[in-house]
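Asks: Residue numbers (UniProt numbering), protein chains in the order written: chain L, 1 to 261; chain A, 1 to 200; chain H, 1 to 200.
There could be a bad hint or two in this list.
[Stated by the list, open to error] Partial pick of chain H residues on the chain A-facing surface, computed with a CB cut under 7 Å:
(1) Ser10
(2) Ala81
(3) Gly120
[Stated by the list, open to error] These stretches of chain H come out as covered by chain L in the derived footprint (C-beta under 8 Å, 3 or more residues):
(4) 19-30
(5) 101-111
[What the hints assert, rightly or not] Going by beta-carbon spacing under 8 Å, a handful of chain L positions derived as facing chain H:
(6) Ala63
(7) Leu132
(8) Leu154
(9) Leu155
Since the hints were derived computationally from the structure, they do not count as laboratory data.
In this text, a Cβ means the ideal position worked out from N, Cα and C, and glycines have one as well.
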Amino acid sequence: MEYKVKIDAFEGPLDLLLHLIKKLEIDIYDIPVAEITDQYLDFIHHMQKLELNIASEYLLMAATLIAMKSKMLLPKTELQSVDDDSYEDPEMTREALMQQLLDYRQYKEAAEALKENEQGRMQLYAKPPSDLTAYENNDLTSIPISGRATVHDLLHAFRRLMLKNKLEKPLNTKIDRQVLPIGQQMNLVMNKLASAKHPLSFQSLFSYPDRTHLIVTFLALLELMKLNAIQCMQNENFDDIMINLGEGADDFETGENSFDY
Amino acid sequence: MILKREKIHSIIEGLLYITGEDGVQVEQIHKVLPECTRDEISDIVEQMKENYQTNESSGLMITDLPNGYRLTTKPFMKDYAKQFAAIPKTAPLSQAALETVAIIAYKQPVSRIDIEEIRGVKSERALQTLVVKGLIKEVGRAEGSGRAILYGVTPLFLDYFGLHDLSELPPLTEMMKQQNEHVDTYDLFYDQYKETIKDL
Amino acid sequence: MILKREKIHSIIEGLLYITGEDGVQVEQIHKVLPECTRDEISDIVEQMKENYQTNESSGLMITDLPNGYRLTTKPFMKDYAKQFAAIPKTAPLSQAALETVAIIAYKQPVSRIDIEEIRGVKSERALQTLVVKGLIKEVGRAEGSGRAILYGVTPLFLDYFGLHDLSELPPLTEMMKQQNEHVDTYDLFYDQYKETIKDL
Chain L
1 MEYKVKIDAF EGPLDLLLHL IKKLEIDIYD IPVAEITDQY LDFIHHMQKL
51 ELNIASEYLL MAATLIAMKS KMLLPKTELQ SVDDDSYEDP EMTREALMQQ
101 LLDYRQYKEA AEALKENEQG RMQLYAKPPS DLTAYENNDL TSIPISGRAT
151 VHDLLHAFRR LMLKNKLEKP LNTKIDRQVL PIGQQMNLVM NKLASAKHPL
201 SFQSLFSYPD RTHLIVTFLA LLELMKLNAI QCMQNENFDD IMINLGEGAD
251 DFETGENSFD Y
Chain A
1 MILKREKIHS IIEGLLYITG EDGVQVEQIH KVLPECTRDE ISDIVEQMKE
51 NYQTNESSGL MITDLPNGYR LTTKPFMKDY AKQFAAIPKT APLSQAALET
101 VAIIAYKQPV SRIDIEEIRG VKSERALQTL VVKGLIKEVG RAEGSGRAIL
151 YGVTPLFLDY FGLHDLSELP PLTEMMKQQN EHVDTYDLFY DQYKETIKDL
Chain H
1 MILKREKIHS IIEGLLYITG EDGVQVEQIH KVLPECTRDE ISDIVEQMKE
51 NYQTNESSGL MITDLPNGYR LTTKPFMKDY AKQFAAIPKT APLSQAALET
101 VAIIAYKQPV SRIDIEEIRG VKSERALQTL VVKGLIKEVG RAEGSGRAIL
151 YGVTPLFLDY FGLHDLSELP PLTEMMKQQN EHVDTYDLFY DQYKETIKDL
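Given the sequences, and given the hints that come with them, work out the whole structure.
Replies: See below:
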């Protein structure tokens, strides 16, 4: 058995068991406890060797499986008497596990059906509702009891608002100067442009996928533009912006700490 | 005053445009067009739906909402429309959230403990996500000492998954039956296989 | 042109719809449909304009914008839009009012300018509605020359939304965490966004 699948690909021990049952082509109505226990433990063991974080639920299931397996291995006569309260019939446990797996499986399948619906719905776009407040002429003082807005409506409104905002807000953020000084980043951009000897695309200057880095680079570009050290050109709307050395490039002081922010 | 059918079409189309993403309820159309019964309105909208669908020159379509309709772009438009959308689509739900909301939809009202028993894992975070997204809400408290919160789905749940009402959810018992049938066929093969092995 | 004329029609219609009141620039359409020249696009839109105008079943029309076009309702729809707007809402607070009161609840005391900055639109009417409904009130004046009115929520706000006190408002942190999960192109703006939230 291969272990290409990581444990976080599973929603929990039941999901993992369903995966093993499918993979081993086991009949879910007649689960061979010894085999499934071995495979389950094997999987957990490999995950542990890969130093992956195993949630406690997985270990709990492992314990249940081991208990079930060991009881089943014992000859019936050696088992404690049935009227002992602590005795659990392994067949009952197996039955319960099977029922749990079947229950879970049907909801997992329902979730898959919903996912398809979700994907279909996500492909459809609509315009924001038109603003009709100018036409609204309700009795403003009355608040109907039925159909009241709820806290969830409130939160939903706020959330939508913030999502919209995220697209529209101008860039304005505080940068920790200890992490990545803008002056240093300005030097970096100037050096890149000087050694390239031709205009570089705006995007190519943002190659490092770190948020702080992106923001500092952007601020550095703004500062360089202000100093006329660089020129930005865009041929058409939505085209990539090309950046070239500007008239003030020669006057640009390349000392490490020329700009203290 | 009796309006021509074309005029009614055009008024409903106008309302669909104005309400955009929110969509319009049959009841609201009826309030604006009291000379049409709700059934007549539904008939006309179904006709309009058909027209949009078959009109290759149109990038629009009418989709169902709980008790209403909404004008959206056709699915093929998604690549063109995405960048112009004023309200960006949120990320799809995680597997955990999907499983949790599926359980709630079929079993509501249902407590966190019930959900965790079925899923076999903690589900608090998934529940929180679903509440924040407005897909589920608290619908009551369980009897007994714990008075656990009971959850149910909201109208937004229907909207989100493009369902008219809860009856459109695929029936679970059917699914169970299908599984049984499937397993039975499998068993049949297996038995034959065992027979074969025995004979060897 | 590689695409069929009908297809181009449909894509432009979809773009016109999705951009709504803002409208769409010829240049933007060209960007989406690079196989059409700007002139071809203008020709096609003129044709579509004509179609809408003569189609009695349609409540929509295309109007000119500087360098672009906009889909709007036909003039006769104004009366119906008014009637529609006059329908008492099942959800008594408009989206605008909800957004405004949400900002006030989380950010109070807050001035109209602050609210408008967050919402990106004029909010005077929404504020007025909320004051009249008694959900918000003047709680003071800002320092400085303008002495802008600062708003806060009222006890009726708590009652209306079924809260005991403001601490019961759902925490915004969970909501933010969720958005953090989205891997989108706007990550650059996320920090600034988080700043805003922290200040609330």
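Asks: So, leucine 132 of chain L near chain H? Judge it on the closest CB pair being under 8 Å.
Replies: This hint holds: leucine 132 of chain L lies near chain H, its Cβ roughly 4 Å from the closest one there, short of 8 Å.
Asks: Does alanine 81 of chain H meet its interface restraint, that is, does its C-beta lie within less than 7 Å of any C-beta in chain A?
Replies: The hint holds - alanine 81 of chain H has a Cβ within 7 Å of chain A, the shortest such distance being about 6 Å.
Asks: Just to be careful: measuring from the Cβ of leucine 155 of chain L to every Cβ in chain H, is the smallest value less than 8 Å?
Replies: With a minimum Cβ separation of about 5 Å from chain H (threshold 8 Å), the hint on leucine 155 of chain L holds.
Asks: Does the closest beta carbon of chain A sit nearer than 7 Å to the beta carbon of serine 10 of chain H?
Replies: 4 Å, holds
Asks: Take the stretch 19-30 of chain H, compare each residue's beta carbon with every beta carbon of chain L, and decide whether three or more fall closer than 8 Å.
Replies: Coverage by chain L holds for the stretch 19-30 of chain H (6 residues, Cβ < 8 Å).
Asks: Let's test the interface hint: is any C-beta of chain H closer than 8 Å to that of alanine 63 of chain L?
Replies: Nearest chain H Cβ about 32 Å off; hint violated.
Asks: Return the status of the interface hint for glycine 120 of chain H: holds when the least beta-carbon distance to chain A is below 7 Å, violated otherwise.
Replies: Since the shortest Cβ distance to chain A is 11 Å, the answer is violated.
Asks: Examine the stretch 101-111 of chain H for residues whose CB is less than 8 Å from any CB of chain L, and state whether their number is three or more.
Replies: holds (count 5)
Asks: Hold the hint about leucine 154 of chain L up to the distance rule: shortest CB distance to chain H must be less than 8 Å.
Replies: Nearest chain H Cβ about 5 Å off; hint holds.
Against the hints set out earlier in the document, violations occur for numbers 3 and 6.
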